[in-house]
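Undergrad: Fit the two chains together into the complex; they arrive one by one in their own frames, and the hints show the way.
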Amino acid sequence: MSRGSRPSALLVVLVCLIAVVMLVPVGYVLSIVLQVGWSTLAPLIFRPKVGELLVNSLLLVGFGVPLCVALGVGGAWLVERTTLPGRRVWGVLLAAPLAIPAFVSSYGWVSAVPSIGGLGGGLLIATLAYFPLVYLPAVATLRGLDPALEESARSLGLGPWAVFFRVVLPQLRLAVWGGGLVVALHLLAEYGAFALIRFDTFTTAIVVQYESTFAGPAASALGAVLATVCLVLLVVEASTRGRARFARLGSGVARRATPARLGAFAPLALVGLALLSVLSIGVPVASLVRWLSVGDPWSQRELPTSIIQTVLLAGGGAVAAVLVALPVAWLSVRHPSRRARVLEGATYVASSLPAIIIALALVTVTIRLVPALYQTPFTVGLAYVIIFLPRALVSLRTGLAQAPVALEEAAEALGHSLVSARLRVTLPLLLPSIGAAAALVGLGAANELTATLLLAPNGTRTLATQFWSASSAVAYSNAAPYAVLLILLSVPAVALLFAQSRKRVTT
Amino acid sequence: MSALSVSGVSKTLGGIAVLADVTFSLPSGTRMAVVGASGSGKSTLLRLIAGFDRVDAGRIVLGGRVVSAAAGASASGLAEGGIDAGGGAAAADAAGAGAGAGAGRGGGARAVSVPAHRRGVGYVAQDGALFPHLTVRQNLRFGLSGGRSAGHSGGLSGALSGGRAAAERRVREVAELVALDSGLLGRFPHELSGGQQQRVALARALTPEPGIILLDEPFSALDTGLRAQTREAVIAALEHSGVTTVLVTHDQEEALSFGHSIGLLTGGRLVQTGEPSAVFDSPVDAWAAEFLGAAVLLPVEVVRGVAHSALGELPVRHDRSIGGARPTTALLRPDQLRLMADAGANASAANAVVLEVTLRGSHARVTVRAGAGAGAGAGAGAGGDARGVEIDVRVPLAEAGQFARGVPARIQVTGGVVVY
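So the protein sequences, as listed, match chains A and B. Under my numbering, think of the first position of the first sequence as 1, with each following residue one higher. Under my numbering, think of the first position of the second sequence as 1001, with each following residue one higher.
Hints may be right or wrong, so weigh each one.
Stated by the list, open to error - Only some residues are given here: those of chain A computed to face chain B with a beta carbon under 10 Å:
| # | residue |
| --- | --- |
| 1 | Val405 |
| 2 | Ser420 |
| 3 | Pro428 |
| 4 | Leu431 |
Unchecked claim - A few chain A residues that don't get close to chain B, going by computed Cβ distances all over 10 Å:
| # | residue |
| --- | --- |
| 5 | Pro170 |
| 6 | Leu233 |
| 7 | Arg241 |
| 8 | Gly272 |
| 9 | Val294 |
| 10 | Ile308 |
| 11 | Leu323 |
| 12 | Tyr348 |
| 13 | Leu423 |
| 14 | Tyr476 |
As the list claims (entries may be wrong) - Computed list of lysine to aspartate or glutamate pairs in DMTMM-like fashion (alpha-carbon distance at most 25 Å, straight line):
| # | chain 1 | residue 1 | chain 2 | residue 2 |
| --- | --- | --- | --- | --- |
| 15 | A | Lys503 | B | Glu1191 |
| 16 | A | Lys503 | A | Glu151 |
| 17 | A | Lys503 | B | Asp1127 |
| 18 | A | Lys49 | A | Glu211 |
| 19 | A | Lys49 | A | Asp200 |
| 20 | A | Lys503 | A | Asp146 |
Honestly, the hints are just simulated from the structure, not real lab data. The model shown is predicted, which means the values in this text are computed figures rather than measured ones. Ideal placement from N, C-alpha and C gives every residue a C-beta, glycine not left out.
So that you can see chain B by itself, here it is in the shape it has in the complex (with noise of 0.2 Å):
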């Protein structure tokens, strides 16, 4: 059963387009890292799940409850028109969305907009909210008090309607859950350091058992060590709760690490879902491939399932240029390069000549100039650029005493291409 489903959704703010026709579903005790640059949307998206804002488009499940429909026939219309458009987007990841369509079908033609409070859902904010007149463990007792109506789990009910003992020992489970030390509990959210604050921010959205965790870049107020060890803690406590759950982020390493799936979201749009490898291994565009990490584009002809570069030839792992154009252009990653000195021996087999090598501490970054005529065989077929194209390869330290300026190389090539 999918957790949460989300179909066709569009939100309009202050006449501009924030969200247009998003579409995606999660299957129960999953998690998915939706990843966007600033002001592509992904905080409203979360927003709109989490009740604080209305969908003017579209659809929103929970637990196989309809909890957001903008109102009128069209709606549901427009929800499957959707599931079609970003079919062609999503072709390789079409497994979420089949079971999103499913889901709560017949939202019917009212409104509807289940009030947050109702909604079960957990959320931490970016600083994590926490209720600064409230310990601690006033603040992971909040939710407890609420009035949510029906629990997910028998725990819940026991903590909901119980006393002080069954509230107590929910906040002690979900403190351990989230490793914080029941120390800490009597204290006041100003006298925790940053991460703690935003794992009891994360530990007081589990105590009440939400049938899903919106998370709204939660580490990003964090400093990069603590950063990533906060979120080490929290995959581990989510993993343990085996709570669904929805992470936006702007970064791309931690979207890639956080979960079970990804998703894609620029512009409003959600481009592409899938697995993270599955994602990064075959993004959807070049614009996709850049913005999920380093990317060398290398200009190509595709003959035969084969991409003629400056490099050479290229084997073609996906091809995912649309409708049947040419692909002119070939997605390598840095770490499928490799760069070797031309030892003389086998001065044919230079491709490159470098431009510059630049010492970078742990490493040097060497930057050459691939198909301009440097090697006897660049060249062949190559983007027609005669001038070649300039390309910057990491090499271990130790070797990078091999390169100057002027030396032909060889950048060998390990794993196929993606052609767009």
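Excised from the complex, chain A in its bound form (with noise of 0.2 Å):
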């Protein structure tokens, strides 16, 4: 219970800190606006191009982000709620597509199928790289749901479907409508994925811009019109999400759910999930296992150096990452209140803007302010933090929630100081939150692409620049070592979430 206490004065500077510097790139977008004027905008905003981008921007999400709540929201029915064959391992394969970055999928897709391009290409390869992201939301509301909601249902009346749509589907409504809105985050963001398929987006278009006019009106107009539709989509997700309490009332274990008997729908069901599976793994690790037996690509000079420089930098941006969450999560979990949920929130707006609007307004603000930090280390580890403090906040969050002061109180009144209770108690409790924490921004770091491209200082070799070179310059046989790697860095991310999933708690 934290009633009556008060957060430092200290804590609070620290947050309100942390959140100034998290709406560097709002305040960016803000001020392009503001400073370059409409009369300069609206030319560069108002033309045939920008209209061409945003018509494949919004038929991308228009129709992205449909196609993937079905698969995740089926795909999750099926493995947790029916009596699917295998349901252990199609609920792993489900999942897996996640540890393939999208633009390794890509890659994987147009060195199979040269002629993929367009809205189709664009659509097929992002659908099958983001559905996991509904996926294991709808796995996780699943299985906290009460099974004893669906009983009710039927022994009121309604059938199967009946109930699959009037009860199990609204209380999915939050895992998909929060699932939905990061797929579209994605679409929006995805760089690599559509540059390879040379399907043009916002993000494309801009990195295009930059590298002909770097940071001029031109990219900033497209970032302008870019970060408006990505903060549109927060405030409609935030609008329409609804206040509805859907977390299972009363206490005690819910009991497993009675599997619904598939009959005749199995082997149509089965042929979909191994469809879906081949078309979202087999294609691109069958690529991937062609282009290794090319010549011999473990031999490039640069792989070492790659590897180093990658560890370097993702693991100082995920140090970076837990220090600046930690104060947050303290606040917002110790010290509940209106004002901390703003700072904590204003974190997350500043985290959903496209990576490549996080590296422009980066790039411009170093220059411009401090020129000593453009191109450093430090500016990609700030990127980084920007891009994936979210990651470490629901871990610190989960984490100091199993901390409760109440603990601090025991091993106070059991004669340890406040100092000596947190190391003991609180620190404890807390690592397990910290490694996942680090573990989810590290490995996102290490895949991250447009920001690193952007900001690294010049001869940074990531893995994800490295792949991403050698790709761009067709030498697929080059780029399918860095591309197992970037799986391989990947995949306990990925695992850790589908335990995450899997645990039967709603949060």
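TA: Right under this line is the structure:
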């Protein structure tokens, strides 16, 4: 219980400071609009090229999100609530595509089907790469759902389909909305996957602009539009999510639901899942295996350097993100208040902007205000912190919630000072979530492409940038070892998320 | 000597007065239960004594040492005023209050707040607050390594300064005290049942031999059966160790059966303290009477020590009316009522008429109306309501057959009444 306990001024100041830094990209977008002025921006925004990009991006989101939701929810229901043969295996296979970065998957497809491209190609690749972002929260919700609800509905005379649509689906709303938003933001932010198949979106266009005119008004104008679309999505999601509480009421542990019998649908479901797995995992992996056997790609000189640099950059980013997330999580868990929610929310808003916007903002701010920091590892680390902070926050919040003040008080009553109580009780309880937070951020940072390309010092080689330079030069065989390493790096994070989604806890 | 003395303590949280002018003291080696509804401030009271929160006014003295005192000279003055003000309410129960004023007087004008870890207080939280990452043994040993200053008895300093052997000895001692199987010492908290967890929590609090133990609704999270059983075990362990204890609870039964004294907390005020049986026998007001257990309240008119009611003339056991006002209400406990069927031979003795009989499995509940001219002797000088009073009476199942709607009956009252 933290009633009556007020956060120290130092903590509040620190978190305010963090929120301000996290909001730099948002401020950057606003300042473009204000500084450059509407008269300069309008002609840059209202031209056929931008219209085309807008249509592409909106179609991508408009089709991609529903597809991902259908695949994610359907998959989760099959795995969690039916008698489908091999449910455990399918459960893993449905989460597995998350371990293949979208641009690696795109590389697999484009090298297998060179003619792939356009909206159709982009949709295919992106949907296959991102549907697990809906699948995982849907699994978590289904597991936390009290089967008594479904049983009550059955006893009230609803058939299995009616139960699914009228009871289960509404409960999945939070998972669907949240997952859908994450998919939409990923679709808008993705660069590599679409650039490889030459499908133009805002993000790819911004990078192209940046490469030709640096952070000029043209890139800024596109960035402002992209950021606006993202922020609109955030607001739409927040205002339509609803306030209903769907968590299980009452105490005790929910029983396992009685799984539905699929009957004649079983073969159909199996074929569907098999096809999904072949397309989402099989094709990219097969391409990789093929390219690995061409020549001697493992003997590239740059391989060891890029591994070391990736570890250093991603590790630094992970440590920094944990250090930044800790005070924010502490304030919001230990001293919950409106102010804490606003400050925490600010960090989420910043992180929902595409990496390209965050990178552009940091380029502009460092050059104008602190040139010494331009293209330094510090700036790359800062970008990683801004992009991946929510991953660390979510982990640390959960950890802190499991180390309640009552335990510190118990330790104090047993004669330990506050410092000693925190060291001996709170810290050990927090360690696993600190580890998880660092792992999630570090592994994400190791895969990060856009911000790293823009911000890293000249000569920096990470696995992602090396993979990118090789594959965009159509040196597919040279790219393969990096792709393998990127996948291996992603596996632990995905395993962690997978395990979390299967814990029978609703949060 | 009093182990704990609380005088004039007030606390405001978020602009709301949670505790107002609370005063009581607890002789060494006794157990007190503070009972109050949720939101009455009882947990806050424990947190102030434990040192998790600071007092806004008043003073707390533990074992002769001032551990909490609000700043300013007004604090001690307020404390004494508090005793006077509370005197009216606690007139019959002043035994404790007097001792409280004496201990640790002269806390001074400076604010005092000894941090929780230097108070020598054992605290058991509602859910036990066992450290989930430590085994039962490590939990029990936790308080032996805290560097708490001088212990309260010889055995402790041995365990504190002494090595692992002494610590292990103490761990086994307290485990035995709370009847905890030594095979459980290697387990983690989540591998224990709720009742076992609470016993470990108590043992952990007892390990460093604190001057006082504070229990914050330690049984409320347990199922009914387990609850009674755990409560027995805890009382036995406390009795055996002879430690001064304060329990807060919302459960009247629990409070009445817990210890040597009971305190009634409502709206942040301690309205009555005293021996459980004394408080139950003579609650300070009608609210307290109903809060402590099932009560029948009758309108009455008191003439020369006799209460005239719908049930006839009842002797007054205690007059709780304030400052000479005429008492208007009498308190009866259901145990005092006995319902008898009117056998016809003695029809004039009937003072009630049966309205409804409800079978309740083990017994029957008979609802009667008394004092509405149901019988000859009824109604004389009753509360003035011509429709009489409805009363529920518990009747043994074997006798329930004698009653049916409309049947005249007689309510016999044993023992006197308390009037307000």
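Undergrad: Given a cut of 10 Å on the nearest C-beta pair, is the interface hint for A:Val405 held or broken against chain B?
TA: For A:Val405, the interface hint holds, since the closest Cβ of chain B sits about 9 Å away, which is under 10 Å.
Undergrad: Non-interface claim for A:Pro170: all C-beta distances to chain B beyond 10 Å?
TA: holds (32 Å)
Undergrad: Would A:Gly272 pass as off the interface with chain B, using Cβ distances and a cut of 10 Å?
TA: holds (40 Å)
Undergrad: A:Lys49 and A:Glu211: Cα distance at most 25 Å?
TA: holds (17 Å)
Undergrad: Could you check that no beta carbon of chain B comes within 10 Å of the beta carbon of A:Val294?
TA: holds (51 Å)
Undergrad: Mind checking the CB of A:Ser420 against every CB in chain B and telling me if the closest is under 10 Å?
TA: Interface hint status for A:Ser420: holds (7 Å vs cutoff 10 Å).
Undergrad: Do the alpha carbons of A:Lys49 and A:Asp200 lie within 25 Å of each other, as the hint requires?
TA: Holds. A:Lys49 to A:Asp200 sits at ~10 Å (cutoff 25 Å).
Undergrad: Holds or violated: is the Cβ of A:Pro428 closer than 10 Å to a Cβ in chain B?
TA: This hint holds: A:Pro428 lies near chain B, its Cβ roughly 5 Å from the closest one there, short of 10 Å.
Undergrad: Does the no-contact call for A:Tyr348 survive, Cβ to all of chain B over 10 Å?
TA: holds (28 Å)
Undergrad: Grab the minimum beta-carbon distance between A:Arg241 and chain B and tell me whether it stays above 10 Å.
TA: holds (29 Å)
Undergrad: Does A:Lys503 pair with B:Glu1191 here, judged by a C-alpha cut-off of 25 Å?
TA: holds (18 Å)
Undergrad: Within 25 Å, alpha carbon to alpha carbon, are A:Lys503 and A:Glu151?
TA: holds (22 Å)
Consistency with the previously given hints is maintained throughout, with no hint failing.
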